[in-house]
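Undergrad: If you want the building blocks of each chain, they are given just below.
Number of protein chains: 2
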Amino acid sequence: MREASIARPEVPDVPKDRLKRYLNLHRDFAEGKYINLNPIQRGGILTEEARRVLLEFGDGYSTCDWCPPKEGRLDAIERPPIGQFMEDLAAFLGMDVARVVTRCREAKFIAFLALGRPGDYVVVDSLAHYSTYLAAEAAGLRVKEVPNSGYPEYRVDLEAYAAKIEEVREETGRPPALALLTHVDHLYGNLNDAAVVGKICRDYGVPFLLNAAYTAGVMPVDGRQLGADIIVSSGHKSWAASAPTGILAMTEEMAKRILARSKVVGEWSKRSFAVKELFLLGCTVMGAPLLTLMASFPFVVERVKRWSEEVEKARYLARELEKIEGTRQLGVKPKQHTLIHVESLGFYKVSKAHRRRGYFLYEELRERGIVGIQPGLTKHFKLNTYGLSFDKVKYVAESFQEIARKWGLSVG
Amino acid sequence: MREASIARPEVPDVPKDRLKRYLNLHRDFAEGKYINLNPIQRGGILTEEARRVLLEFGDGYSTCDWCPPKEGRLDAIERPPIGQFMEDLAAFLGMDVARVVTRCREAKFIAFLALGRPGDYVVVDSLAHYSTYLAAEAAGLRVKEVPNSGYPEYRVDLEAYAAKIEEVREETGRPPALALLTHVDHLYGNLNDAAVVGKICRDYGVPFLLNAAYTAGVMPVDGRQLGADIIVSSGHKSWAASAPTGILAMTEEMAKRILARSKVVGEWSKRSFAVKELFLLGCTVMGAPLLTLMASFPFVVERVKRWSEEVEKARYLARELEKIEGTRQLGVKPKQHTLIHVESLGFYKVSKAHRRRGYFLYEELRERGIVGIQPGLTKHFKLNTYGLSFDKVKYVAESFQEIARKWGLSVG
Chain A
0 MREASIARPE VPDVPKDRLK RYLNLHRDFA EGKYINLNPI QRGGILTEEA
50 RRVLLEFGDG YSTCDWCPPK EGRLDAIERP PIGQFMEDLA AFLGMDVARV
100 VTRCREAKFI AFLALGRPGD YVVVDSLAHY STYLAAEAAG LRVKEVPNSG
150 YPEYRVDLEA YAAKIEEVRE ETGRPPALAL LTHVDHLYGN LNDAAVVGKI
200 CRDYGVPFLL NAAYTAGVMP VDGRQLGADI IVSSGHKSWA ASAPTGILAM
250 TEEMAKRILA RSKVVGEWSK RSFAVKELFL LGCTVMGAPL LTLMASFPFV
300 VERVKRWSEE VEKARYLARE LEKIEGTRQL GVKPKQHTLI HVESLGFYKV
350 SKAHRRRGYF LYEELRERGI VGIQPGLTKH FKLNTYGLSF DKVKYVAESF
400 QEIARKWGLS VG
Chain B
0 MREASIARPE VPDVPKDRLK RYLNLHRDFA EGKYINLNPI QRGGILTEEA
50 RRVLLEFGDG YSTCDWCPPK EGRLDAIERP PIGQFMEDLA AFLGMDVARV
100 VTRCREAKFI AFLALGRPGD YVVVDSLAHY STYLAAEAAG LRVKEVPNSG
150 YPEYRVDLEA YAAKIEEVRE ETGRPPALAL LTHVDHLYGN LNDAAVVGKI
200 CRDYGVPFLL NAAYTAGVMP VDGRQLGADI IVSSGHKSWA ASAPTGILAM
250 TEEMAKRILA RSKVVGEWSK RSFAVKELFL LGCTVMGAPL LTLMASFPFV
300 VERVKRWSEE VEKARYLARE LEKIEGTRQL GVKPKQHTLI HVESLGFYKV
350 SKAHRRRGYF LYEELRERGI VGIQPGLTKH FKLNTYGLSF DKVKYVAESF
400 QEIARKWGLS VG
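Just so you know, the sequences run in chain order A and B.
Numbering that gives the first Met the number 0 puts the first residue of the first sequence at 0, with every later residue one more than the last.
Numbering that gives the first Met the number 0 puts the first residue of the second sequence at 0, with every later residue one more than the last.
Simulated from the structure, these hints should not be mistaken for lab results.
No experiment lies behind these values; they were computed from the predicted model shown.
Be aware that a few hints might be false.
Note that the list lumps identical chains together, so a pair holds whenever it fits in one copy or between two copies.
Here are the computed lysine-lysine pairs in the DSS-like style, where the Cα-Cα straight-line distance is at most 25 Å [said to hold, decoys possible]:
(1) K378 - K69
(2) K332 - K378
(3) K198 - K378
(4) K332 - K15
(5) K15 - K391
Could you put together the complete structure from these sequences and hints?
TA: Written as C-alpha cells, this is what we have:
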C-alpha cells in the first residue's frame with residue numbers, strides 16, 4: 000500500500016529582519032539596576048526561590064507530570080504540592096477554598112458569571128479598578144457605584160453600601176448579585192475598613208467580594224474577620240509571583256456556586272466532564288507562574304507580618320515630598336498603604352517652562368537611578384515604596400528634594 | 000496632630016512545617032533528564048532564548064515598564080515589541096489581527112461570548128477537547144456534535160458540518176453562532192482537512208473557528224488558505240512557551256466583534272474605559288509567559304518548515320510499535336501528526352499477570368530513561384514524538400520492543 004504523502008502546505012513567512020527583533024529581548028528596568036517605584040510592580044518582584052523554580056518549571060505544561068488520570072484537575076495534583084497549596088492559601092486568607100486563576104480580573108469575572116444573572120446589579124466602590132467594571136460588563140451585569148468624597152481625600156462612603164443595596168432592590172425588585180469593595184484602590188492607595196461592608200452585606204444577605212489585589216500578599220488579610228464571602232487577589236501584583244496569576248478564595252457556601260461542575264453532555268458522543276469546574280474552564284495556570292506563587296508563599300506568609308514597617312516608610316516619604324513647594328499627598332492621611340498619589344503643582348510649574356516639558360522629572364530621576372514614575376507626568380503621579388529599604392526610600396526623598404531645589408522650588 | 004495608628008491585624012498563620020513543602024520545589028521530568036513522551040508537553044519545551052527571557056521578565060508586571068499612558072493596553076506596548084509581535088503573529092497564521100490571551104480555552108470562550116447569544120448553538124467535531132464543551136457551556140451556548148467514524152479510525156465526518164448547520168437552522172430558526180473544528184484532536188492525533196469545513200461555513204455564512212492547539216506552532220497553518228475566520232492555539236502546547244498562553248487570531252471582520260471595546264459608564268463617577276477590549280477584560284498575559292512566546296517565535300517560524308520530518312519519525316515509531324504482538328495504532332493511518340494513540344492488547348495481557356499490574360510498563364520505561372506514558376495504562380496510551388531526534392525515537396521503539404520480549408510478547 001502506498002503511504003499517503005505528508006502534507007507540506009505553504010506557510011505564510013515572516014521576513015527575517017522582522018524576526019530579529021525577538022532575539023536578545025531584554026528588560027530595561029530589571030530589579031537591581033534601578034530603584035523602581037512603579038506602583039503596580041513592587042509587590043510582584045520574585046523571591047530567589049521563585050526565580051529558581053521559574054526555570055525548573057519553565058516548559059509548557061510543567062505542572063502536569065503527575066496529573067491524576069481520574070480527577071484530571073490542577074487542584075488534584077499533589078506533586079508538586081498544588082492541591083496542598085490551595086488549602087494553605089485558603090487558610091492564610093481566612094477562607095475555606097482557594098483556586099489559582101489567570102488574573103485577579105478573571106477571579107472577579109468568574110464570581111460575577113457564577114452568582115449573577117444578566118441584568119443583575121453588582122454594587123462597587125467608585126474607585127474600583129477598570130477591570131471590575133469590565134468583568135461586570137462582560138458578565139452582563141450592571142454596576143451601581145458607591146460614592147467617594149472626592150478631592151483631596153477620595154474617601155469611599157462605606158456606610159452607603161446599605162443605601163445602594165436598597166436602591167437596587169427598589170429598582171429591580173431583588174438584591175444585587177453581589178457587592179464588591181476594593182480593599183485598597185489603585186488610584187489613591189486608600190485602605191478601606193472592609194469589615195464595615197462585610198457587616199452590611201451580611202445584614203442584607205448579599206455576597207461580599209473583597210478585591211484584595213493591593214493588600215493580600217503584602218499585608219495581613221483575614222477574610223473571616225472582615226466578613227468576606229469571596230477574596231480575590233493578584234499574584235503578580237502582591238504575592239511575589241510572575242504574571243499571570245490570580246487568586247480566588249471563598250467560603251464553602253460560595254464554592255458550591257462558583258466552582259460548580261460542568262453539566263454539558265455531548266448529544267451524539269454522550270461525552271461529559273463532570274469533574275471539571277465550569278467557570279474556571281477546567282485547569283487554569285498550568286505552569287511556571289503558579290510555581291513562583293507557591294515558591295514565594297513561605298516568604299509572603301512572613302512578610303505580611305512586617306507590614307507596619309512598610310507603612311512607616313511610605314509615611315516618611317509622603318512627609319518628605321510634602322516639604323516640596325506645591326506638593327501634596329492625595330488620598331486619606333496619614334498613609335495606611337505604600338501606594339502614594341502625589342499632586343505636585345510645583346513640579347508642574349517647572350515643567351511648563353522646561354524644554355523637556357513634563358519629561359524633565361522622569362529624566363532627572365532616571366539620572367539618579369530611580370524609575371517607575373510615568374514619563375511625562377508631573378502634576379499627578381503615583382509611586383509605591385513597598386519592599387524598599389529605608390535607606391533607599393531616604394535616597395528617593397532626597398533625590399526629589401534635590402531636583403526641586405535645582406529647578407527653583409523651595410523645600411521647607 | 001496625633002497620627003492614626005497603623006493597623007496590625009492578626010493574620011491567619013500557616014504552620015512552618017506545612018510551609019516547608021514549598022521550599023526546594025523541583026520537577027522530576029525536567030527536559031534533558033529523561034526522554035519525555037507526554038502527549039501535551041513536546042511542543043511546549045522552551046528554546047534557550049525563551050529560558051533566558053523567562054528570568055529577565057520573571058517579575059510580576061514585567062511587560063508594563065513602557066505602557067503608553069493613553070492607550071493603556073498590552074498590544075499597544077512597543078518596548079518590548081509586544082504590539083509588533085501581535086502583528087507578526089497574525090501574519091504568520093494568515094490572519095489579520097492577533098491577541099495573546101491566557102489559554103487556548105479562554106480564546107474559544109471569548110469568541111463564544113462575543114459571537115453567541117445564550118441558547119445559540121455552536122457546531123463542533125465530536126473529538127473536541129473538553130475545554131471546547133466547557134467554553135460553550137460557560138458562555139450559555141448549546142453544542143451540536145459532528146459525528147466521527149468510531150473505532151479504529153475515529154475519522155470526523157467533515158462533510159456533515161453542512162447537515163449539522165442545517166439541523167440547527169431547522170431547530171432554532173437561525174444558524175449556529177459559529178462552527179468549530181479541532182484541527183488535530185488530542186485523543187487520536189487525527190489531522191482534519193480544515194479547508195473542507197472552511198468552505199461549508201463560508202457557503203452557510205457561519206463563522207469558522209479552527210482550534211489549532213496541536214497544529215499551529217509545530218506545523219504550517221495558513222488560516223486564509225483554510226478559510227478560517229478565527230484561529231485559536233496554545234502557546235504552552237505548541238509554541239515553545241511557558242503556560243499559560245493562548246493565541247486568538249482572526250479576520251478584520253471578526254475583530255470588530257470579538258475585540259469590541261468596553262461601553263460601561265459609571266453611573267455616579269462617569270468613569271469609562273473605551274480603549275479596553277471588553278471580552279479580554281483588558282490586559283491578559285502581562286509577564287514572563289508572553290515573553291517566552293515572543294522569544295521562541297523566530298524558532299517556531301523555522302521549525303514548522305521541518306514538519307514533514309517530524310511526521311516521518313512518528314510514522315516510524317507507529318510501525319515499530321505495531322510489530323509488537325497485539326499492538327495497533329488507533330486513528331487514521333498513516334500518521335499525519337506526532338501524537339499517537341496506541342492500543343496494546345499485548346501489554347494489557349502482561350499487566351493482568353504482573354505483580355505491578357498496569358504500572359509495569361511505566362516502570363520498565365522509566366528504568367530505560369523514558370517517561371510521559373500515563374502510569375498504570377497499558378491497553379490504551381498516548382505519546383508524542385515531536386522534537387525528538389531520530390536516534391531517540393529509535394531508542395524508544397527498541398525499548399518498547401525489548402520490554403515486550405522480556406514479558407513474552409512476540410515482536411515480528
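Undergrad: I want to check one pair: K15 and K391. Are their C-alpha atoms no more than 25 Å apart within a copy, between two copies, both, or neither?
TA: Cα proximity of K15 and K391: none, with 44 Å in one copy and 31 Å across.
Undergrad: For the identical chains here, do K332 and K378 meet the 25 Å Cα criterion within one copy, between copies, both, or neither?
TA: within (19 Å within a copy, 68 Å between copies)
Undergrad: Between copies, within a copy, both or neither: which fits K332 and K15 at Cα up to 25 Å?
TA: Neither, since 55 Å and 36 Å both go past 25 Å.
Undergrad: Quick one: K198 to K378, C-alpha cut-off 25 Å, is that within a copy, between copies, both, or neither?
TA: neither (38 Å within a copy, 57 Å between copies)
Undergrad: Taking 25 Å as the upper bound on the Cα-Cα distance, should K378 and K69 be classified as within, between, both, or neither?
TA: between (58 Å within a copy, 16 Å between copies)
Of the numbered hints listed earlier, those contradicted by the structure are 3, 4, 5.
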